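2 protein chains.
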Amino acid sequence: MEKIPILRMGPFLLVTIQVDLYDRLALNLESDLVQMVNKTEAKGVLIDISAVSIVDSFMGRIIGNIAGMSKILDAETVVVGMQPAVAITLIELGLPLKGVHTALDVEKGMELLRKKIDLEEEPTEEDDIIAD
Amino acid sequence: MEKIPILRMGPFLLVTIQVDLYDRLALNLESDLVQMVNKTEAKGVLIDISAVSIVDSFMGRIIGNIAGMSKILDAETVVVGMQPAVAITLIELGLPLKGVHTALDVEKGMELLRKKIDLEEEPTEEDDIIAD
Chain A
16 MEKIPILRMG PFLLVTIQVD LYDRLALNLE SDLVQMVNKT EAKGVLIDIS AVSIVDSFMG
76 RIIGNIAGMS KILDAETVVV GMQPAVAITL IELGLPLKGV HTALDVEKGM ELLRKKIDLE
136 EEPTEEDDII AD
Chain B
16 MEKIPILRMG PFLLVTIQVD LYDRLALNLE SDLVQMVNKT EAKGVLIDIS AVSIVDSFMG
76 RIIGNIAGMS KILDAETVVV GMQPAVAITL IELGLPLKGV HTALDVEKGM ELLRKKIDLE
136 EEPTEEDDII AD
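Residue numbers (this note's numbering), protein chains in the order written: chain A, 16 to 147; chain B, 16 to 147.
It should be emphasised that the hints constitute simulated quantities derived from the structure, not laboratory data.
Warning: the hint list may mix true and false statements.
[Unchecked claim] Derived DSS-like pairs (lysine-lysine); straight-line CA-CA distance at most 30 angstroms: (1) B:Lys-123 with A:Lys-54; (2) A:Lys-54 with A:Lys-131; (3) B:Lys-58 with A:Lys-130; (4) A:Lys-123 with B:Lys-130; (5) A:Lys-123 with B:Lys-86; (6) A:Lys-131 with A:Lys-86; (7) A:Lys-54 with B:Lys-130; (8) A:Lys-130 with B:Lys-123; (9) B:Lys-113 with B:Lys-54; (10) A:Lys-113 with B:Lys-18; (11) B:Lys-58 with A:Lys-131; (12) B:Lys-130 with B:Lys-58; (13) A:Lys-18 with A:Lys-58; (14) A:Lys-18 with B:Lys-123; (15) B:Lys-113 with A:Lys-130; (16) A:Lys-86 with B:Lys-123; (17) B:Lys-113 with A:Lys-123; (18) B:Lys-130 with A:Lys-86; (19) B:Lys-86 with A:Lys-58; (20) A:Lys-131 with B:Lys-86; (21) A:Lys-18 with A:Lys-123; (22) B:Lys-86 with A:Lys-130; (23) A:Lys-54 with B:Lys-113; (24) A:Lys-58 with B:Lys-113; (25) A:Lys-131 with B:Lys-113; (26) B:Lys-131 with A:Lys-123.
Since we're looking at a predicted model, the values are computed, not measured.
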């Protein structure tokens with residue numbers, strides 16, 4: 016299968032990564048996601064990587080790219096379900112996933128996105144979630 | 016990767032099938048799902064098969080099994096995102112997915128599940144969604 020499905024959940028898009036991201040699949044995912052964000056006017060993108068046990072610099076870069084592209088289209092990206100070993104590897108590889116927000120699971124990720132949207136709508140309130 | 020992640024979304028569980036279900040993976044998914052339904056007291060299971068372009072009798076049976084097991088644990092199963100070609104194949108194979116509800120996408124599937132839960136809570140109302 017050459018496509019990773021993107022699920023629409025209200026104002027958010029959900030992507031579950033279950034397979035190794037090789038070149039073409041990653042590029043397809045990037046372009047599909049950007050088009051979906053544009054088409055659905057999504058306010059947030061959730062990337063579930065709970066099935067990912069091995070992470071390399073390529074995947075780190077893809078996630079960073081997606082976050083950057085979504086940000087330009089006014090959608091925040093949250094990576095959810097990261098396994099502890101993956102977090103260790105990312106830091107050891109020197110890939111701290113800058114600009115990407117993280118949450119323990121999809122529910123917490125959605126909560127974070129909802130809070131961020133609310134904060135954007137009320138810019139007077141102090142933003143204490145983003146710390147980058 | 017040997018596990019298909021199961022995502023919790025409020026009272027529902029969401030599974031996205033992106034890879035070919037071979038023996039062990041399918042059995043793992045069945046047991047993981049049943050345990051998750053039990054642990055989270057989920058009222059519904061959504062199986063997204065939008066990435067599945069080829070379906071065979073094995074996958075048909077697995078989906079039927081999951082629906083049966085979930086039903087015993089008081090959770091409804093909805094299959095979402097089926098490609099038209101897959102629907103054609105299922106009927107031509109003689110696998111009409113009995114006991115499994117379907118919806119066009121995750122959002123419509125959730126709506127269907129919510130309606131079904133409401134209907135269960137108000138058993139006086141006539142159930143016009145299930146037609147089997």
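Hints versus structure:
no., hint, verdict
1, B:Lys-123 with A:Lys-54, "holds (18 angstroms)"
2, A:Lys-54 with A:Lys-131, "holds (21 angstroms)"
3, B:Lys-58 with A:Lys-130, "holds (26 angstroms)"
4, A:Lys-123 with B:Lys-130, "holds (25 angstroms)"
5, A:Lys-123 with B:Lys-86, "holds (27 angstroms)"
6, A:Lys-131 with A:Lys-86, "holds (13 angstroms)"
7, A:Lys-54 with B:Lys-130, "holds (28 angstroms)"
8, A:Lys-130 with B:Lys-123, "holds (25 angstroms)"
9, B:Lys-113 with B:Lys-54, "holds (26 angstroms)"
10, A:Lys-113 with B:Lys-18, "holds (28 angstroms)"
11, B:Lys-58 with A:Lys-131, "holds (29 angstroms)"
12, B:Lys-130 with B:Lys-58, "holds (12 angstroms)"
13, A:Lys-18 with A:Lys-58, "holds (22 angstroms)"
14, A:Lys-18 with B:Lys-123, "holds (22 angstroms)"
15, B:Lys-113 with A:Lys-130, "violated (41 angstroms)"
16, A:Lys-86 with B:Lys-123, "holds (27 angstroms)"
17, B:Lys-113 with A:Lys-123, "violated (35 angstroms)"
18, B:Lys-130 with A:Lys-86, "violated (35 angstroms)"
19, B:Lys-86 with A:Lys-58, "violated (35 angstroms)"
20, A:Lys-131 with B:Lys-86, "violated (37 angstroms)"
21, A:Lys-18 with A:Lys-123, "holds (26 angstroms)"
22, B:Lys-86 with A:Lys-130, "violated (35 angstroms)"
23, A:Lys-54 with B:Lys-113, "violated (35 angstroms)"
24, A:Lys-58 with B:Lys-113, "violated (37 angstroms)"
25, A:Lys-131 with B:Lys-113, "violated (42 angstroms)"
26, B:Lys-131 with A:Lys-123, "holds (26 angstroms)"
Hint compliance for this structure: hints 15, 17, 18, 19, 20, 22, 23, 24, 25 are broken, all remaining hints hold.
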